[in-house]
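K.L.:
Sequence:
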Amino acid sequence: MQFGLNIGITFVETMKVGTQELQQLETSLAAIVRANRHAADDALDFRDSVMHAQTPGRCVQCYFKILSKAKRVPPQEVTTLRRWLEERILVQAEGRQYQYRQRYRLSLDFPDLESCCRAHMEQARQRTETLGGDVMLRFAFNDALQAAV
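The numbering of the sequence shown is this note's numbering, which starts it at 442 and goes up by one.
Just so you know, the hints here were simulated from the structure itself, not pulled from any lab data.
From a predicted model like this one, the values you see are computed outputs, not experimental measurements.
Note that CB positions come from ideal geometry on N, CA and C, so glycine has one too.
Incorrect hints may have been included.
[Claimed, not checked] Estimated spans, in silico, between C-beta atoms of each pair:
no.	residue 1	residue 2	range
1	577	464	33 to 39 Å
2	495	542	26 to 32 Å
3	468	509	17 to 23 Å
4	462	567	29 to 35 Å
5	460	577	19 to 25 Å
6	543	499	30 to 36 Å
7	578	513	27 to 33 Å
8	568	482	17 to 23 Å
9	566	482	29 to 35 Å
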């Protein structure tokens, strides 16, 4: 995507949503874009994923892309994104062989997406090791968020 010089203003003007919760998130995304225009695509992808509540893994991916540019992004805004995600996205472990499903809270206390995924996979293995078989891990919005969007 190409953006003009007024990227922060354009971004803020196009991000108008009804709920106060989403407005706070959008304010943080706009501040991130103003601080680092190279984060604009990731911020827009993040917003799009949130608005459609269909691809929580994409939200997490965009968060880590924004985090990688954090030297030029206000830390409080990154913290806002992190808290928002950790409150609204769950990690879901599913076992194919024994038809089980476990959900637990997402933690983003990692330097990158790979570290995050590896840690959550290990946590899923520990929780399901007595069942054996393959475990599939994915991110899922909690049901309350899907109902609100």
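K.L.:
Next step is simple, just say for each hint if it's right about the structure.
P.N.:
Okay, the hints, checked on the actual structure:
no., hint, result
1, 577 <-> 464: 33 to 39 Å, "holds, 35 Å"
2, 495 <-> 542: 26 to 32 Å, "violated, 19 Å"
3, 468 <-> 509: 17 to 23 Å, "holds, 22 Å"
4, 462 <-> 567: 29 to 35 Å, "holds, 33 Å"
5, 460 <-> 577: 19 to 25 Å, "violated, 32 Å"
6, 543 <-> 499: 30 to 36 Å, "violated, 22 Å"
7, 578 <-> 513: 27 to 33 Å, "holds, 32 Å"
8, 568 <-> 482: 17 to 23 Å, "violated, 35 Å"
9, 566 <-> 482: 29 to 35 Å, "holds, 34 Å"
Checked against the numbered hints listed earlier, the structure breaks hints 2, 5, 6, 8; every other hint is satisfied.
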